[in-house]
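Colleague: Spelled out, the chains give:
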Amino acid sequence: MSAVSWLRRPSALLVAATSLYSVTVWTQTRPAPAPTPHDRVEAAHEGLRGDDKARDTARLTAAVARPVDPAAASRPVPRRNFIDTLIFDRLAAAKVPHAPLASDDEFVRRVYLDVTGLPPSSAEVRAFVADRTADKRDRLIERLLASDEFAEQWAWHWGDLLRMSGEAGPGANAFHYWFKELLKVDRPYDRFVHDVLTPSSKVHATIPSLAVIGRSNQLKSRFVESVDDYRISNRLDHIDALTIDVSRVFLGLNTSCISCHDGEYHLEDVNKYLAERKRDEFFAMSAFFGTTRLIGNWNDKSRNVDRDLHVDDLGTGYDGGDDAPFLTLAESQFPRPKGAHEPAFILTGEKPRAGEAPRAALARMITAHPQFARATVNLLWGRLMSVGFVEPHDAFDMLRLSGKDAQPSNVELLEAMAADFTKSGFRLKHTIRTILQSSAYQLSSSFPGTWKDDYLPLYPRHYARVLTGPEVLDSLAVVTGVPLKFTLGGETMTRVKQLATPGDIGRAGESMAVDAMLQSFFQSNRRTPPQSGNRPSTLQALLMMKSNVVNDRVLASAQGTVAELVGSTRTDDEIIDELYLSTSARTPSPAERAVARRTLAGNRSRGTEDLLWALVNSPEFLVNR
Amino acid sequence: MPGPAMRRLTDLVPSRRDVLRWGGLALAGTWVDGLVWPLDIRASGAAVTPRGTAKNVIFIELGGAISPMDCWDFKETRWTPQDLDVTEVSKGLYLSRTLFPQLSKEMHRVGLVRSMQAPELIHFNGQYHTQAGRALNPAIAREIPAFGSVVAFELAKERRERDTFPTYISTNLTKARAGSIGSGFLPTWTTGLDLDPSTVFAAFGGDMTGANAVLSERWELLTALSKINEGQRQAMGQKAADYQAFYDDAHKLLTDARWPSVFQASADDRARYGDDEFGLGCILARNLLAQQAGTRMVYIYDGDRWDHHAGIFDKSAEWNHYRTCTRLDKGLVSLIHDLAKAPGSTAGKSLLDETMIVCQSEFGRTPGMNPVNGRDHWKGAYTGLYVGGGIAGGRILGSTNADGSAVVETGWRHKTQPFMDNTVATIYSALGIDWTKVVENTPSGRAYHYVDTVSLGGAAMMEADEIGDLFA
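Chains as they are written, first to last, in the working numbering: chain W, 1 to 625; chain F, 1 to 472.
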C-alpha cells in the first residue's frame, strides 16, 4: 500500500478534507479502542457470580502460589527457533552456564511490559499461570501483539527515534496515529521508509508520513532582513540534521561527526569506517534532500498560522554556498565549502538513476542495502533483550561487521536475524514475535552461580532493565487504578503513550509533576537524540517516594484500587495477594505475607495504602526482569 | 593544592567510599550501559592553578536573553525611554535606576564581562550551550553532562558524612527548552535535582509532621519487605540491586530536618525577593546554601521571560523590560544582601565571600529596535555579571562600540572573545576545579574536555581559559 492509496482509506479522507482542523477530526472519528487483553480477561472472570467467583479466584491464586518446580532449573531449555541455536551453541562452546527458563509469573510480567508497556493485571497473571496448555506462551504473545497497547508502546519508541516533537508541526500528531495503524497491520518497514522519505504535498498535515521531513524548523525563509527569525535558520543545517536522523535510525550509522569534518585524525579510535569518510561524502548524502522545498503558509503578519507546509521538489539543490553562516556552531566553526553536491549514497556511492527523484532514490538505496535490515533488527533486539548486538544502536562500524575484531556481539545471529527480517518482507512484528518466542528471550533473569561481566555478549540470562519513563507512569496509573489525564485533539487520554509527543503532556493539573518524573527516567523532549536511560538514580527514588503523582494515587480517597479493595468483602490475605499480583505478578512469600498482614491488621484502609506504596517503590516494580 | 605535575589518577577520581555518600553505589563498569567506571581522567598537561576562591556557585540563567544595551552595557539611543533615570553609578558605569533601583547601589560588588560572544542565535541551542557549558554536538549529546553535574562529580570528595543534600540543585529546568540535561556519562548521582519553586514550598515546606509520620511508617514497611526480598533482588542483577542505595540516599534527605527548613519563606522574604518563581528560586538558593548540608551548586533558570521581540518598553505588555528588570533587581540584590549577612563555613567570612553568583543569558539582543519596538537575537556581544566568591567588585572587563553591536576590547588576555565555555571555566576555577581535565574513556570514545578548545573558523580558536581578570 503506497502513501497515496493509504490516503484513500475513509478515515484518512476525513483528515484530508481540511488542513486546519485535521487533527481534531482525526482523533474524533477514530473508532472506539478495541478491548485490551486486560479487559477481555477481566470480562471472562466477571461473568462468574458470588461464590463461584471467589472459588475461582482462590483456585487461580493457589496456582500462582504453587512452589516453583525445583527440577525446572535443571531441565534442558528447548531450542525454539534459529535464535536459540545460535545463542545456546555459543554458550555451550564457551562452556558458560545459563539461566533456566523464566517461570510463568516472571515471563508474563516481562512480556506484558516489553510488548505493551504495562504490567499484567492480577486476573491475567492468575489465568496465565493456571493455564496448563503447552502453547500458552505463544498464545499470550499473539494476543499482546494484536493489542492497541502494543501499537502505543512501539509508536512511542519510534517517536523517540525520529524525534517527533512540536517541531514536526501538526504532522507529529497524525504521524502517531498513522504509525500505530502501520504497526497493527505490520506494513513492511521498507515501505515505511519510502512513505516517510518520498512524499510531496501542498498541505503536509494531510500526509502523516511527512512529519519526518516536514519539520517547521526546516522552512526556507521568506524574510531574510531579520537575523532573529527562526525561519531563516540555515536550510542546509536542517537538511543535514535530517540526514543524520535518517542514517541513525535506518542504517545504524552516526554520521554527525562527519557532518562537520572529515573522519581522518578524529575517529580512528571510535569507528574505522567513519574515520575513512570525507565530509564531502556526507554532503553528497544530504544532497538527496537538496531539492526538497518547505514553504510555510505565511499570512501578512509573517506568521505561519496553521504551522502547515507546502513540500515539493523544486528546490535549488545542495550548495555549500547557500549558507547563512551565523546561526550554529557547525556553521561558524565549520563553514561548508562553497560548491554544489550531487546526491550519492554514503555506503555505496550510488547515484540516482536518470529521471529518478532524489528522495525516492535514497529510499530505494537504503532499503536495498543489507545494513538497513541489520540496523533494524539490532534496534528490536536491543529493545527486547536490554542490550543490542551493537550499542548504542547507531554505533555500527561498517569495517568491523565480521572477522576477528568484529563489533557486533554475535555476528552470526545478527546476520541470521537480518536475513530472516528481509525474507519476511521487512515485517517488524515478525521479528518481534521471533525474538519473544525464543527460549533466549524467555530465560530467567536470575543467574545460577557466579556472574561475570564477560558473559554479557553471550546472553546466558535475561538482563533486567529499568522501565522507561512512560512505562513507569502508565504502570502506576494502571496498578493504582487512578488514570492519568491529558488532552490530545480535544480528547481525554489516560496514558502517556497514548500521546503523540512529550509536549502533549502539557502544564495543567499534575502534568508538571508527571513531566519531572518522565525526565528523571530519561525521557527526552525529542529535540536532541534519545538519552541513554536504563539507569537507576536518587532522583527517581526521591520522586517515587515523594511525588504526588504516586502519593495521591495510593490513597483510598483517590477512589482507585485501594478504595475498591478496602470496600470489598475480600479478606486481608486476598487484598495482599491482589496487590502483589498486580504490581509484581507474584504472590508474597510467607515472610512477606506476615509483614503485610501486620500492616493491614492495625488499619485496613491505611495499611492497604501503605502496602501499595511500598510495592510500587520496590525495585521489582521499577525494573523489568 | 598540589600542582598538576604532582597529581596522580587516584587523586582525580573520588574513592568508592566518597562516591557512596550521595546517591551512592558506583555502578560496575558494564557493557550494558556503555558506562565506564572508574573514569580515566587526566590533566591536559596545561599548567593552570584553579583559584579555589569560592565554596559555592549560584548560576542564574536569564532565559530568552536580557538586552545588554538597556542594562549592563548601557547605550543611549533614539529609542531610549525618558524615564530610565540613567546615572553614572561609578566611573564609566551607567545604569538605569528605574530598571535596577537596588542593583545600581551594589555595583561596587559586581564584576562585568562586556565582551561575551555566543555562537548560536537560536534559544534551544543557546540554552543547551549554557547548561552544558559547550555547544550542542548531536553526535555525542547523549553522553554530555550538564556542567552542574561535573561540579557535583568533582566536589564529591569534599562531601562529609552529615551532608544529605544533593550537590547540584536546579530550579525550573524541567520547563526549559533543552529540559534538564542529565548527567551524561557521569554517574547518575551527579544528576541535578530540579525543583519547581511554584510547588516545592508547599510540597516540602508545610507542616510535615503528618507527612513525615506517613513516610516513616511506609519506609519501615518498605525496609522490612526489601530485607526479606534481598536475595532475590541480588539475583535479578545489578540494576535492581542498585536501587537500594539510591533509595537510602533519598530517604536520608527526606528525613533530614534541615531539608523542610529550606522550603520556608517568610512574608518579608517574599516581599523582598518577589513572590514568584524567580524570587522563590533565589530564596531557595539562599536557604540551600545557608544549611551547608551538601548543596554547592544552584542553577536558577528564569523561564523565557526576556525574549523581548516586541514592545520591550511597552508597559502594557505582560513581560516588558521594566517588569523583568525590576523583578531581577529584587531577587538578585536580596540574595546578595542575605548572603553577605549569613556566616560562611570559615570564621570571619560571609556566605557571599564563599559564593560566586553568575548571571547570564544565552546571547545578546540586536542593537537596533525592530519595527515592533523589540530587540531580536544578537551573538556579537553580550554581558555576563559576577558577584561574590572572590570576584573583584567594580571591575569591568571588555568594551563594545557605540551601539553595542561589536566588541572593541576583549578585556582579557586573549584576542578572541570569551564564550559561555569560559564562564564555566571561571566557575570551575573559583571552585578549585582544574578546568583543563580530560576524560578519555567516554562511551563514544571521544575525549571529554572539561572546557573544550574548538575552532572558531580559520585560525581562530576558542580559548579554554578562565576569565582570570575577574578575580580580586
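Incorrect hints may appear among the rest.
DSSO-like mimics (lysine-lysine), calculated; alpha carbons at most 30 Å apart, straight line [claimed, not checked]: (1) Lys452(W) with Lys423(W); (2) Lys315(F) with Lys175(F); (3) Lys75(F) with Lys415(F); (4) Lys404(W) with Lys278(W); (5) Lys546(W) with Lys175(F); (6) Lys338(W) with Lys175(F); (7) Lys95(W) with Lys546(W); (8) Lys95(W) with Lys404(W); (9) Lys91(F) with Lys485(W); (10) Lys105(F) with Lys75(F); (11) Lys485(W) with Lys272(W); (12) Lys278(W) with Lys338(W); (13) Lys341(F) with Lys315(F); (14) Lys227(F) with Lys315(F); (15) Lys452(W) with Lys404(W); (16) Lys272(W) with Lys184(W); (17) Lys546(W) with Lys157(F); (18) Lys546(W) with Lys91(F); (19) Lys452(W) with Lys227(F); (20) Lys546(W) with Lys227(F); (21) Lys429(W) with Lys136(W); (22) Lys175(F) with Lys252(F); (23) Lys105(F) with Lys315(F); (24) Lys157(F) with Lys338(W).
Source of the hints: derived by calculation from the structure; they are not laboratory data.
Colleague: Are the hints correct? Go through all of them and say.
Modeller: How the hints compare with the structure:
1. Lys452(W) with Lys423(W): Given that 30 Å is the threshold and the Cα spacing comes to 36 Å, the pair is violated.
2. Lys315(F) with Lys175(F): holds (26 Å)
3. Lys75(F) with Lys415(F): Within the cut-off at roughly 24 Å; holds.
4. Lys404(W) with Lys278(W): Status holds; Cα separation ~26 Å.
5. Lys546(W) with Lys175(F): holds (20 Å)
6. Lys338(W) with Lys175(F): Violated, at about 39 Å.
7. Lys95(W) with Lys546(W): violated (47 Å)
8. Lys95(W) with Lys404(W): holds (20 Å)
9. Lys91(F) with Lys485(W): violated (58 Å)
10. Lys105(F) with Lys75(F): Status holds; Cα separation ~19 Å.
11. Lys485(W) with Lys272(W): Distance ~49 Å between Lys485(W) and Lys272(W) Cα, so the pair is violated.
12. Lys278(W) with Lys338(W): holds (16 Å)
13. Lys341(F) with Lys315(F): It is violated: about 35 Å lies between the C-alpha atoms, which goes past 30 Å.
14. Lys227(F) with Lys315(F): violated (62 Å)
15. Lys452(W) with Lys404(W): holds (22 Å)
16. Lys272(W) with Lys184(W): Roughly 39 Å between the alpha carbons, so the hint for Lys272(W) and Lys184(W) is violated.
17. Lys546(W) with Lys157(F): holds (28 Å)
18. Lys546(W) with Lys91(F): Violated: Lys546(W) and Lys91(F) sit about 52 Å apart, past 30 Å.
19. Lys452(W) with Lys227(F): holds (25 Å)
20. Lys546(W) with Lys227(F): Judged against 30 Å, a Cα distance of about 22 Å means the pair holds.
21. Lys429(W) with Lys136(W): holds (19 Å)
22. Lys175(F) with Lys252(F): holds (27 Å)
23. Lys105(F) with Lys315(F): holds (24 Å)
24. Lys157(F) with Lys338(W): Violated, at roughly 51 Å.
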